[in-house]
Amino acid sequence: MNKNLSKEKLEVLSTAAKNVRRSILEMVTAAKSGHPGGSLSAVEIMTSLYFEVMDIDINDPQKEDRDRFVLSKGHATPVLYGTLAEKGFFPKEEIQNFRKINSILQGHPDMKNIPGVDMSSGSLGQGLSVANGMALAGKLNKSEKHVYALLGDGEIQEGQIWEAAMSAAHYKLDNMIAFLDYNGLQIDGDVEDVMAVHPLDAKWEAFNWHVQVIDGHDFNAIFSAIDQAKATKGKPSVIIAKTVKGKGVSFMENKAEWHGSAPSPEQLAQALEELK
Amino acid sequence: MSKTIATRDAYGKALVELGKENKDIVVLDADLSKSTKTAGFYNEFPERFFNMGIAEADLMGTAAGFAAAGKIPFASTFAIFATGRAYDQIRNSIGYPKLNVKIAATHAGLTVGEDGATHQALEDIALMRVIPNMTVIVPADGPETEQAIRAAADMKGPVYIRLGRPNLPVLNSDDYKFELGKGVVLKEGSDVTIVATGVMVSVAVEAAELLSKDGVSAEVVNIHTIKPIDKDLLVKSAQKTGAVVTAEEHNIMGGLGSVVSEVLGQFAPTPIEMVGTEDTFGESGTPNELLQKYGLTAEKIAEKAKRAMARK
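Sequence lines, in order, name chains A and B.
First residue of the first sequence: 1155, per the working numbering; consecutive thereafter.
First residue of the second sequence: 4, per the working numbering; consecutive thereafter.
Only chain B is shown next, with the shape it has when bound in the complex (with noise of 0.2 Å):
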């Protein structure tokens, strides 16, 4: 895996592509487009973009504004600030409304780094699936990411997609087809599932092979859409290896470890473990060093996965 894309960068190419195709699709930041990526649809379309100053509770009002007015709004800043700010607004004005607003927010999770705890979203997952009509999107990788963006675009209603801000390995080929709603089975496997989502796929990927060292035999499932949630395939896989273990860059309450036990434990129970931040803030670091510190890894995957296992 040589060739790496942060998922933001990701994301400002296809807007270009997409504001081409588009004439109704504005973007709104908040002071922070070069590094949301958004500053490259300033570049072609300086009208269709809106800076709106360090004000993310008025960048998510005024989004909702031009939904109602028949414009597809893309909202950027950093994912906490998006989800925790503007939380209010984002469930009043626009999850209740279910107005046509996408919020793309970056810099989700502990790979922000050294910036620490106070711009680490760990609950931005939690926050935005609770909300009614709200879809949530977690891409894995580059390509992933810019057809998750065309397909937010082309679906009507609110969408919270997160991104990063690290360089990831690419993981989907070119004529990778990204379905909304659908999981991917990145690997066929029998002795356990692996349910990962955003940054920790590739990891996910890692731990497989790791696993099959010892000769287990993982199945890795990419959750690109966390709701929807495609519920079949996660009871299919569970139903066929009958161990689980969810790995998401965000805390396991609420987010990803939740989605799937809450799927499990009415439809297919199924021992589960969980890798993520376990209701911890993170701190200051490189990104690598935070995912090492708090067991965001392919070694912690592999050993829960044979945790879960022991528990069939």
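Just chain A, same shape as in the assembly (with noise of 0.2 Å):
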């Protein structure tokens, strides 16, 4: 526990995140729309869990026993298109299709047509019970993976979020962990303004999950609070991922009015420049 990444992996790591990041630009600038504040905010989750955490294939998607995750938070699509692109299930070149006609790369995750995509979702709230339905699964398969699911801060709003913190907490799901990218930020502002959702700790706890409070851009604080979250048994484990909407981007950081807008080509000139 607590052991700190190597260099390389941290660089790994660290260049895997520059490039999601530098997609997520791409594509949504190619789209002129979409979900860049939400998608940059979880970059350092999603690479960590696909490049170092996760058990898959990319030669194989689709294989029965694997790690899985789901994006209950849908439309951040753009930052699990780029890490699976990143990752290889797919040509790079595919996301400048991202949201056009006839591409698989639709405005929202579908598992259906893009390889490596566990669930389909869009659709907020939706999440984390289909996350517990595949961890359940698990359980009775009597297997060693694990199920992961992202979550927004905003979409916690939705009341079905906490039909299924209660059934994962009843069936003692410990191998379902969930990433809550907290963010503060949503559509129409600042969380606490719109539908306050705090305090998110004690909310989890007693729902009787295992929880931490981390860093979700710093890549050995989401290592080691997956290690506890597998070391911890008997009940489901949520990480409550203290992010920064917008990450990376000067422009876009904290800024609510990034959640849904595409830059302009000299926007993601800029960012691409901030992110060299």
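Read the hints as simulated data drawn from the structure, not as lab findings.
Quantities reported herein were computed from a predicted structural model and do not represent experimental measurements.
Using N, Cα and C, we set each Cβ at its ideal position, and we do this for glycine too.
One thing to keep in mind: the hints can contain errors.
Covered, in the sense of this in silico footprint (three residues per stretch, anywhere, with C-beta under 8 Å from a C-beta of chain B), are these stretches of chain A [to be verified]:
no.	stretch
1	1264 to 1274
2	1277 to 1289
3	1313 to 1320
Just a few of them, taken from the derived set where beta-carbon distance is under 10 Å, the chain A residues facing chain B [as the list claims (entries may be wrong)]:
no.	residue
4	L1294
5	N1295
6	Y1325
The two chains are supplied separately, each in an independent frame; assemble them into the complex guided by the hints.
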């Protein structure tokens, strides 16, 4: 526990993260729509999962016994597509077709057509239940694999999340690890102004979850939290990851208006310059 | 027709049999397992039964996760909660990804009875059939239910199976063969076609007997699969008789009447009359009182059959 990542691993992850950020911006700009803010905030979480943590095979994305991931905050699909492309599930050029007609890369994740996508999502609040179902199936199969879910802090205003929080604890789903991308902003502004969700740790604890609060951009913190979550038996784990919406692009950081708008080509150029 | 059984009882029985044969079958319920009859499965296979509590959205989402991981989940609750409360979950987490979830919803229609309007699903067929990828089955009796459940388990993809609360007469013999997507001609006739589904199939048979006393030869068709609909059979029968009446325990808007109108309007325009609830909520009462009050009777079918014939 708490062992720090080797320099080499950190380097691989940092490079992947930078490339994923670039992909996010490129695909949203090419599509002239999409959700950059909440995608950029989740980059370190996603690259950690896909480049280091999850047992997956790009040559056999449907392998039955594998770790699975559910992007419950489905609108952050640029971070999922960017990560999958970076990992090699499909050619990187494909991201230019994001949200365009006849593309595999639908505006929100589509498990039927995109290699590496474990669940379709987009209607908020549904992913945690799905992750629970996968985790229950894993338990029946006596599988050692884990299910990961990524939730948004605005998303947890949906009641179904708390139904699922209840059932995950009831069924003691210690093979299910949820990340909460706590960037503090949603479409209409500050999460606490729109519909307050705090206190987050106490809420999840009250639902009988194992709770950790970390810096969601710190790879070492993410890995240590996942290790601790895996070591926790008899209850599901949530990792509340404090993040910055629009992370990595100066003019996007902490601005709610970048939740769902695309940069101009000039803004893209500036952002890519910052992400060199 | 002395023997009666509720379709939900047949469902419970079929589940237990299937559970023995196929280890991938799991059952989820929302605190209604004694009513939906999934409790039998729980008794046999407690490790594969999951009570999700009173949380239908979570029930459907969890079922989707099971299916995404290779299991064959049967998700059960009352039809009104399954299709109404969890519509978005069924649409987005089950229908869109075409996941192998079987939604077996009981207590559909007016025949829930005394609980009244809040518990009487009269729009569930409409809601489910408009979801792409969804198969919709409405069995008419116990034997048909058992086979429908088996057919649903055998096919890959989402299925909605509409079941009822009360005991129903057994129409089909033990050697009956259910074929998904195929209608069943229960009685041949030449003057009018009665197309019925679910509870109303046995009522349609009664209506045909009433009509025959008046010298009218009615063909009776049991449409157990609403989607995909048996277009060929509907067109053939309508072309033969030239008049159609539909009968369903559902709003005539969006249900069987609409399906038959859509098919015949395109492929064999025919005068059609509809028996079902007419854009109204139900109320409390015994099942039979409600069927009478809302006109879901053999007499009403016969009356509308004659009206359809007059429009030839």
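Here is what the structure says about each hint:
1. 1264 to 1274: holds (count 6)
2. 1277 to 1289: holds (count 12)
3. 1313 to 1320: Satisfied; 5 residues make the cut.
4. L1294: Since the shortest Cβ distance to chain B is 7 Å, the answer is holds.
5. N1295: Hint on N1295(A): holds, closest Cβ of chain B at ~8 Å, below 10 Å.
6. Y1325: 7 Å, holds
Hint compliance for this structure: every hint is met.
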